[in-house]
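Protein chains in written order, with this note's numbering: chain A, 437 to 678; chain B, 4 to 288; chain C, 56 to 468; chain D, 318 to 637.
No wet-lab data here; the hints were simulated from the structure.
C-beta atoms are modelled at their ideal positions from N, C-alpha and C, and glycine is treated no differently.
Do not take every clue at face value.
[Stated by the list, open to error] Ranges between beta-carbon positions, derived for each pair:
1) A/491 / B/65: 35 to 45 angstroms
2) A/646 / D/628: 38 to 48 angstroms
3) D/470 / C/81: 40 to 50 angstroms
4) D/486 / B/76: 32 to 42 angstroms
5) D/628 / B/91: 51 to 61 angstroms
6) D/472 / A/521: 55 to 65 angstroms
7) D/462 / C/407: 21 to 31 angstroms
8) A/499 / D/416: 49 to 59 angstroms
9) B/91 / D/329: 47 to 57 angstroms
10) D/462 / A/543: 25 to 35 angstroms
11) B/151 / A/521: 49 to 59 angstroms
12) A/456 / D/628: 23 to 33 angstroms
13) D/490 / A/491: 51 to 61 angstroms
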Amino acid sequence: MLLEARGIVKTFGNVRAVDGADLAVEEGELVGLIGPNGAGKSTFFDCLAGNLAPEAGSIRFAGLESTRLSPDRHARLGLARTFQVPVVFAGMTVLENAMVGAFLRHESRARAAQKAAEALEFTGLAGQAEMPAAALGTAGRKRLGIARALATEPRLLLLDEALAGLTSSEIETAIGLLARIHARGITLLVVEHIMEVIHRLTRRVLVFHQGRVIAEGSPAEVTANPEVIRAYLGRRAKRGEA
Amino acid sequence: MILLQLAADGLLLGAVYALFSSGLTLIWGMMNVVNFAHGDFVMLAMYIAFFSFTLLKLEPIVFVPLAAVLLFALGGLVYYALVRHVMRGPMLAQILSTFGLALFLRYTALWAFSANFVSLPSGLVGGVYDLGGLRLAASHLIAGFSALLLTLGLHLLLTRTDLGSRMLAVSEDRVAAELVGVRPDPMQALAWGLGAAATGVAGALIALFFYVSPEVGNSFLLLAFVTVCLGGFGSVPGALLAGVAIGVIESFSAYWLGPATKDAVVLALFILLLWVRPQGLFGRA
Amino acid sequence: MSITRRSVLLAVPALAVLRQRAEAAAPVKLGYIEPLTGNSAAAGHAIKQGIDLLVDVINKPYPQLAPLPLAATSGLPRLGGAKIEVIWADNQGSPAVGQSDALRLITQDHVVALLGAYQSNITLTSSAVAERYGIPYLTGESVASNLTERGYKWFFRTTPYAPQFAKLYFDFLANVAKMGKPTSKVAIVHENTDYGTSVAQSITKFATEHGKKIFLTISYNANSTDVSPQVLSLKSAKPDVVIFISYTSDSILYMKTFQTLGYRPPIVIGDDSGFSDPSFVTSVGNLAQGALNRSAYAIGKSGSLSYKMNALYKKKTGRDLDDSVARPMQGFMVMCDAINRAGSTKPEAIRAALAATDMPPSELITAYKGVKFNKEGQNFLAYSMMTELQGKTYVPVWPPKEAIAKLQLPFKG
Amino acid sequence: MKALFPRAGFAAGALLLFAAPFLTANPFYQRVAALTLLAAISASAWNVIGGYAGQVSFGHSVYFGIGAYAALLAYAKLGWPPIAGLPFGIVASFALSIVVGLPSFRLRGHYFSMATIAIAALAGILVTNWDFVGGAIGVMGPARARSFADLLFRSSLPYYAIFLCVLAILLLFTRLLQKSRMGFYLRAIGSDERVAQSLGVPVRRYKLYALLISGAFTSIAGTLYAVMVGFVDPNSGFGILISVNMVVMAALGGAGTLFGPLIGAAILVPLGEATNALWGARGIAYVAYGVIIMLLARFSPGGLAELGRFIVKGWRRRAA
């Protein structure tokens with residue numbers, strides 16, 4: 437088991453954002469994590485990556501107890517992540533952005549530059565390498581987020597809505613990219629809103645609702661699950677009232 | 004009796020701090036801009052009060068609103084001429100611009116009004132009340148109650164009115180606000196104007212019992228920063244609570260530990276508190 | 056003194072000749088460093104006005120000021136009637152800026168001597184530059200005792216300094232005690248920059264050396280926005296005498312807070328500075344009746360030099376001349392007189408003339424017993440008296456010889 | 318950087334820096350040049366943490382004060398030449414960074430800035446009330462040079478030479494840092510801490526490194542100041558204006574760029590001296606100073622380095 441989380445709880449004030457969530461990801465898998473807005477997916481993600489410390493439960497990554505390790509220790513162990521809002525290091529070029537990731541395993545500047553260039557090549561950003569990162573559009577920023585994470589040479593990549601806000605043709609490219617990343621042997625855990633993406637990419641999906649996993653299985657199984665439908669519909673019904 | 008007097012003095016002093024800080028916190032919270040010229044806004048308001056009384060023979064009931072109106076205009080002007088152009092730039096550009104503004108205002112005042120200390124005649128708004136040995140100056144009481152009123156007013160304006168929610172919307176997400184049809188520039192100019200107007204009221208009231216000089220804003224500024232930070236940026240009620248807390252702590256520590264160390268006590272507590280609670284006393288996480 | 060007299064006497068018959076030469080003589084440039092911005096700017100500007108007045112007095116004939124050196128003539132007679140020109144520099148309240156000022160005045164403006172710089176610490180750093188360049192530096196205003204303890208060759212001070220004030224206060228209090236008023240419990244309330252701290256230390260040191268104890272010492276920040284805790288401390292300790300070493304803003308606050316908290320110490324002594332500032336008298340004079348002050352200056356009787364000088368100053372500024380302006384003016388007169396006596400603008404000649412200064416009281420604006428420097432450069436005839444705020448002015452009340460009004464105790468507030 | 322400072326231009330600039338004060342025999346200009354370099358040292362030191370790592374400290378005067386006091390206390394207490402206090406200042410700055418800096422790193426943005434203001438103000442108050450270090454009265458250096466080691470010179474040229482060496486070392490160091498992993502990490506932290514950390518940057522450790530370097534060099538600047546001026550008191554050592562000046566100079570020239578703080582100092586120090594010399598007597602030096610700062614911020618928010626880059630780029634485009 438590459439990543440295993442048990443009974444994770446995280447509260448904000450009175451809100452139990454994550455409420456006893458479990459998860460297990462095997463090396464080499466590509467797992468999807470879906471759920472309605474406000475289900476606590478992002479919070480759960482932050483717990484997995486070390487950005488938030490859960491109040492209860494334990495997380496093991498690559499055979500190590502990692503519950504309370506800092507995000508940078510997670511990165512060193514081989515867990516990389518992207519963020520929902522695609523932030524770039526604005527004062528740097530695209531290449532330099534990726535180099536920040538590459539420096540994790542290569543102290544020499546030349547080596548880091550080479551690795552970063554590879555990551556850019558892989559994500560299709562090689563042409564923009566010398567551009568200021570701030571000049572990139574949403575799609576470019578998302579890709580740069582992935583390139584940066586790849587440059588840390590991770591075993592597991594957590595992608596937080598890497599495709600949200602993209603046009604349909606950009607989504608096509610992105611799906612191709614994710615498939616190629618997976619093909620390189622990197623385990624992927626993908627939080628996604630767009631069902632289509634999940635259908636095409638993953639073989640196993642977890643459905644998150646009210647802070648815990650309520651269903652698990654193939655995309656087809658999950659979408660047929662009445663509890664899942666209720667979770668999504670209930671949400672929609674409530675929104676309709678409001 | 005002395006302890007009671009100390010507590011009362013501390014409360015009133017705290018109210019003055021809150022009064023001083025209300026405009027600062029408004030501007031700070033609304034647009035994430037630190038106004039280094041805030042102390043000098045207060046200074047200008049104090050001079051407005053002083054000159055309206057000495058030259059135009061205006062009473063406080065007239066010159067307090069007058070200061071508010073003039074400062075409102077100044078705030079709007081500063082927004083359009085300066086802040087608008089730097090507020091989305093790096094934090095350092097904002098600091099640079101308001102710092103330059105502070106120097107400009109302070110030393111123009113020095114040049115125009117001279118460095119002499121002036122003050123309004125004491126007893127302009129009534130004398131001293133003696134409540135069984137507890138002595139309170141009317142001017143302090145007025146300032147204290149005005150601090151309460153001003154806080155309440157600003158708070159209601161921000162939370163209960165359409166205008167307030169629009170201003171908050173712009174402060175939270177400029178682009179989103181624009182999408183739903185709120186034009187950000189007038190809203191932010193208004194926020195600056197309001198912050199400055201609150202500052203105007205504060206300055207005119209403080210002038211009732213405090214001396215006026217071009218450097219006067221400086222003596223309050225550090226504590227105003229602490230007040231705003233403790234209260235949580237943008238929280239007017241937070242600034243009131245923080246101001247009062249600081250006033251009382253200062254009053255007692257000055258009496259027990261010596262006045263030279265009272266600021267040290269406040270600052271040390273402030274630093275420790277931030278270390279423990281990095282988002283301030285009343286700030287949101 | 057003889058030299059001065061002679062120069063005045065000589066000048067009168069030679070006036071016609073001098074007038075011709077005056078047009079030719081290059082002006083004598085003096086550098087003056089003052090705080091013209093920052094917390095002490097009010098004091099700096101007041102001094103500047105006083106000095107500007109003196110420049111006029113020296114450069115134009117003012118025969119009505121007769122015993123005052125250089126008044127009757129135009130310019131410096133022994134330098135061919137050369138005019139005095141003062142180059143002003145703002146020290147911005149910073150010791151480093153004061154140093155830059157000194158250097159600039161010496162090397163850019165080629166001043167022949169320096170004066171200043173109000174704050175003792177800036178006088179300290181700026182005079183170090185003058186010392187390195189071998190340019191005379193005279194302070195008529197800074198009172199910290201360490202200034203004349205450095206063994207400097209080019210440094211002179213005309214004003215009395217901190218230990219002398221301590222003596223004055225205790226002599227005065229001993230006299231009050233003889234009148235049957237209690238004076239044993241002396242409290243010192245001082246602001247905590249170098250001015251307040253050094254004067255407080257001098258007073259405490261003097262007291263211990265003379266077997267007296269200071270009852271209570273309160274140090275506070277001059278930028279305080281509130282002084283009521285201090286006043287409450289005093290109120291509960293009940294000292295007989297409170298000596299305030301304060302700047303203007305805090306002095307004003309103390310008087311207002313006395314009123315608010317309904318407390319009045321029996322005897323209040325203000326150590327010059329804030330209490331002498333005309334702003335203090337105009338803004339809280341009515342709350343400070345009976346406050347005592349030290350002063351080396353009193354307006355004096357009609358017809359006296361000090362009285363005439365005050366009239367001129369008042370005409371120019373609308374305010375009465377006070378101690379904190381009169382002392383620098385005195386220093387400036389001494390400097391100009393020395394340059395005149397030197398008959399040269401060579402630094403060494405001016406220094407020698409300064410060192411040989413011997414001015415009698417009759418030629419002084421201030422109440423000093425004369426001006427004569429010891430080998431540290433301190434005027435050992437410097438002197439102050441006690442004055443009391445009665446109505447709108449401070450009047451001398453002690454020692455009896457100088458008194459023109461009766462001492463009125465206690466402090467009325 | 319490469320675009321703005323091609324090798325030839327860089328060499329010319331360096332040469333100019335070396336030669337500048339020798340071009341004039343005027344002692345005052347020489348002093349202004351020396352003061353410029355001194356300000357450039359502290360602004361460049363601030364730049365390491367404030368510019369590159371984006372932690373806008375308003376409390377750097379505390380390091381400056383430590384350095385200045387270390388120098389003059391070495392003289393006043395031990396009778397040593399003031400410059401001998403340098404290592405004490407550095408060690409004290411390290412201690413301060415660890416004890417006070419480390420806990421403050423949890424704070425973000427304005428909270429960090431406010432905490433640093435408070436720390437410097439607190440240090441000022443403590444020193445004011447601590448008689449051993451001279452309290453409010455301050456500490457004096459040697460009144461006259463006892464030996465060469467006291468470094469008391471009438472001319473400012475020796476100071477200029479010393480300051481230039483220190484500045485050169487600091488800039489060289491910064492340049493190496495900029496190219497190394499640490500430089501990338503600091504810039505990443507300055508841009509977005511959360512993202513940097515997720516990429517494996519040990520944020521707190523690197524912030525501490527930056528503060529250690531920055532604080533040590535600021536303390537050196539303080540020591541050099543004390544050696545030159547020969548006096549320090551709480552206000553001239555710990556005053557908030559000292560911190561603000563560092564920030565303003567770096568911001569003006571361009572924070573997070575190698576030469577930005579030097580450019581800022583080279584503009585503001587002579588400007589300050591010039592306004593003081595021209596209008597100081599009328600007390601309006603600061604009015605002009607304030608207006609100029611405002612205008613610069615208004616029309617070039619990214620600092621002059623950015624403006625320069627922009628101009629160079631436009632010029633190249635036209636040339637091409």
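Going through the hints against the structure:
no. : hint                              : verdict
1   : A/491 / B/65: 35 to 45 angstroms  : violated (58 angstroms)
2   : A/646 / D/628: 38 to 48 angstroms : violated (57 angstroms)
3   : D/470 / C/81: 40 to 50 angstroms  : violated (31 angstroms)
4   : D/486 / B/76: 32 to 42 angstroms  : violated (51 angstroms)
5   : D/628 / B/91: 51 to 61 angstroms  : violated (22 angstroms)
6   : D/472 / A/521: 55 to 65 angstroms : holds (58 angstroms)
7   : D/462 / C/407: 21 to 31 angstroms : holds (25 angstroms)
8   : A/499 / D/416: 49 to 59 angstroms : violated (37 angstroms)
9   : B/91 / D/329: 47 to 57 angstroms  : violated (36 angstroms)
10  : D/462 / A/543: 25 to 35 angstroms : violated (48 angstroms)
11  : B/151 / A/521: 49 to 59 angstroms : violated (40 angstroms)
12  : A/456 / D/628: 23 to 33 angstroms : violated (60 angstroms)
13  : D/490 / A/491: 51 to 61 angstroms : violated (44 angstroms)
Hints 1, 2, 3, 4, 5, 8, 9, 10, 11, 12 and 13 from the earlier list are contradicted by this structure; the remaining hints agree with it.
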